[in-house]
Each structure stands twice: as structure tokens, then as C-alpha cells.
Amino acid sequence: DTEVTQTPKHLVMGMTNKKSLKCEQHMGHRAMYWYKQKAKKPPELMFVYSYEKLSINESVPSRFSPECPNSSLLNLHLHALQPEDSALYLCASSQVSGQEIHEQFFGPGTRLTVL
Amino acid sequence: SQQGEEDPQALSIQEGENATMNCSYKTSINNLQWYRQNSGRGLVHLILIRSNEREKHSGRLRVTLDTSKKSSSLLITASRAADTASYFCATDAKPPNYQLIWGAGTKLIIKP
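From first to last, the protein sequence lines are chains A and B. Here the working numbering is used: the first residue of the first sequence is 1, the next is one more, and so on. Here the working numbering is used: the first residue of the second sequence is 116, the next is one more, and so on.
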């Protein structure tokens, strides 16, 4: 299974809502990533988990809260978002070996709209 | 963070023609990767080339790497309508820390 799944595909939320994005992979990858992507731009790294521990937090506002419950799952909890947070949120996973960067496998993304 | 530039920003060619995209980067790297993204979807890894490699092939794809010029090119031969997508290059950070540094991307349109 070489697939990364993400749910939901689309999400519309108000600025006072709390919601969560979910990501799952069964490739045995021990690095998982959250990216944010605006239209016509490259993905921007938000968080990296390595062996279920947060390795990188790219100065993301606290209204985004990541969670890695186990080696296959990655969540992104959303609270009090702003309209400018509307974007495509991508999850990815990759192998880990030393510090070599491996290919990343991406999910289809969650299209988030904040009203 | 963004490593460098890709050019052209957009490319429109006829089906069957070859498409060439270029990527430049700023710092020394261990490897460089190319990804494809169909409209509004996730990215798909195409090819990884290491800093000690000069050329790599995968099907209709040919990637070159010139570390002296800090640049790479992606050639797609005999293009098809299904190749219509955005193409991104990405390099590893120094020191390596799981982070990829992305180019701005090239939007490729294949006209039938």
C-alpha cells in the first residue's frame, strides 16, 4: 500500500469552529509532514514528525495544533482560524534513514475554506 | 522557504512535443527531487537525483543536474495531455533535517 489518505477532502468552517484534519499511511514511514499550499504556490512546510515526535515547527500559529497518535496517523487540529488560512492542506510521509532526505509520498489534500 | 527559481513559470506546447523545465538553487545539496501536481491535488514524486549524479532517466523523463551551476532540468519527451500539471523541484536543506526546499514551480499545459 503506497497511499497516503486524508480526510475530509473539503472542509468549510467558521472562525469560531474547531475541526480536525486526519492523515493515515501504512507504508511504515516514520516521518510525517503537514504542508499548507496556496494557489499557484509551492507547498509550505508547517510541521514534521519523526518517530512520532515533533521535529520541526515552522513558526506556525498556535491555532494549528498537530498530533501524531501513532506511527500511521497524523492529525491537525484547527481552532479559531482566519480567512487567510484558507488553503490546500497536504499530508506527506517518508522513510527515515540517518539524515538523508527521501522521496515524500503525498495525500490528495484537504481543501479548507474559512468563512 | 524557497530555494530558488524554476523557469519557465508557464509552458504551453503541442502534444507529442518535448517539454523542458529548469530549476536553479542557491546552496549546496545532497539531492534534488522533481514532483508533479495535477490541479488542486497532492504532489507525486517523479525522480530523485543525487549530487554525485549528472543524469537520470525514468520512462519519458530525463533529469540532469549541474552542481557547478546549481541547476537542474527536467525533460519530458513525447508529451501527452495527461502531462498537463505543475512541476516542482525540491532540494534538501543543509544540514539535512527532513525539510525540502521547494522551487516556485512550472505550469505545463499540453495542447491536444
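In short, the hints are calculated from the structure, not lab data. Among the clues, some could well be false.
No farther apart than 27 Å at their CA atoms in a straight line, the calculated lysine-lysine pairs in the DSSO-like style are these [unchecked claim]:
| id | chain 1 | residue 1 | chain 2 | residue 2 |
| --- | --- | --- | --- | --- |
| 1 | A | 9 | A | 36 |
| 2 | A | 22 | A | 41 |
| 3 | B | 185 | B | 141 |
| 4 | B | 184 | A | 36 |
| 5 | A | 41 | B | 222 |
| 6 | B | 226 | A | 38 |
| 7 | A | 40 | B | 222 |
| 8 | A | 40 | A | 53 |
| 9 | A | 53 | B | 222 |
| 10 | A | 41 | A | 9 |
| 11 | B | 184 | B | 226 |
| 12 | A | 9 | A | 22 |
| 13 | B | 141 | A | 41 |
| 14 | A | 36 | B | 222 |
| 15 | B | 222 | A | 9 |
| 16 | A | 38 | A | 9 |
| 17 | A | 38 | B | 222 |
| 18 | A | 40 | A | 9 |
| 19 | A | 36 | B | 141 |
| 20 | A | 53 | A | 19 |
| 21 | B | 171 | B | 184 |
| 22 | A | 40 | A | 22 |
| 23 | A | 38 | B | 171 |
| 24 | B | 184 | A | 19 |
| 25 | A | 9 | B | 184 |
Chain A is faced by these chain B residues, among others (derived, beta-carbon under 7 Å) [to be verified]:
| id | residue |
| --- | --- |
| 26 | 156 |
| 27 | 158 |
| 28 | 160 |
| 29 | 163 |
| 30 | 167 |
| 31 | 193 |
| 32 | 198 |
| 33 | 203 |
| 34 | 211 |
| 35 | 213 |
| 36 | 217 |
| 37 | 220 |
In this text the structure is predicted, and so the values were computed from the model without any measurement. Ideal Cβ placement from N, Cα and C applies to all residues, glycine included.
Here's how the hints hold up against the structure:
1. A/9 to A/36: holds, 14 Å
2. A/22 to A/41: With Cα atoms ~23 Å apart, residue 22 of chain A and residue 41 of chain A stay inside 27 Å; holds.
3. B/185 to B/141: Measuring from Cα to Cα gives roughly 7 Å; hence the hint holds.
4. B/184 to A/36: violated, 30 Å
5. A/41 to B/222: holds, 11 Å
6. B/226 to A/38: This hinted pair holds, its Cα atoms lying about 26 Å apart.
7. A/40 to B/222: Measuring from Cα to Cα gives roughly 9 Å; hence the hint holds.
8. A/40 to A/53: This hinted pair is violated, its Cα atoms lying about 31 Å apart.
9. A/53 to B/222: Given pair residue 53 of chain A, residue 222 of chain B is violated - Cα atoms ~35 Å apart, limit 27 Å.
10. A/41 to A/9: The given pair, whose Cα atoms are some 20 Å apart, holds under the 27 Å limit.
11. B/184 to B/226: violated, 32 Å
12. A/9 to A/22: Measuring from Cα to Cα gives roughly 10 Å; hence the hint holds.
13. B/141 to A/41: holds, 19 Å
14. A/36 to B/222: holds, 19 Å
15. B/222 to A/9: holds, 23 Å
16. A/38 to A/9: holds, 16 Å
17. A/38 to B/222: holds, 15 Å
18. A/40 to A/9: Satisfied, since the Cα-Cα distance of roughly 19 Å is no more than 27 Å.
19. A/36 to B/141: holds, 23 Å
20. A/53 to A/19: holds, 22 Å
21. B/171 to B/184: The hint holds at about 17 Å.
22. A/40 to A/22: holds, 24 Å
23. A/38 to B/171: violated, 31 Å
24. B/184 to A/19: violated, 46 Å
25. A/9 to B/184: violated, 41 Å
26. 156: It holds, given that the least Cβ distance between residue 156 of chain B and chain A is near 6 Å, below 7 Å.
27. 158: This interface hint holds because 4 Å falls under the 7 Å limit.
28. 160: holds, 4 Å
29. 163: Holds: closest Cβ of chain A sits about 6 Å from residue 163 of chain B, inside 7 Å.
30. 167: violated, 13 Å
31. 193: At about 24 Å, which exceeds the 7 Å cut-off, the nearest Cβ of chain A leaves the hint on residue 193 of chain B violated.
32. 198: violated, 18 Å
33. 203: Nearest chain A Cβ about 6 Å off; hint holds.
34. 211: It holds, given that the least Cβ distance between residue 211 of chain B and chain A is near 4 Å, below 7 Å.
35. 213: Constraint on residue 213 of chain B satisfied, holds at 5 Å.
36. 217: Holds: closest Cβ of chain A sits about 4 Å from residue 217 of chain B, inside 7 Å.
37. 220: holds, 6 Å
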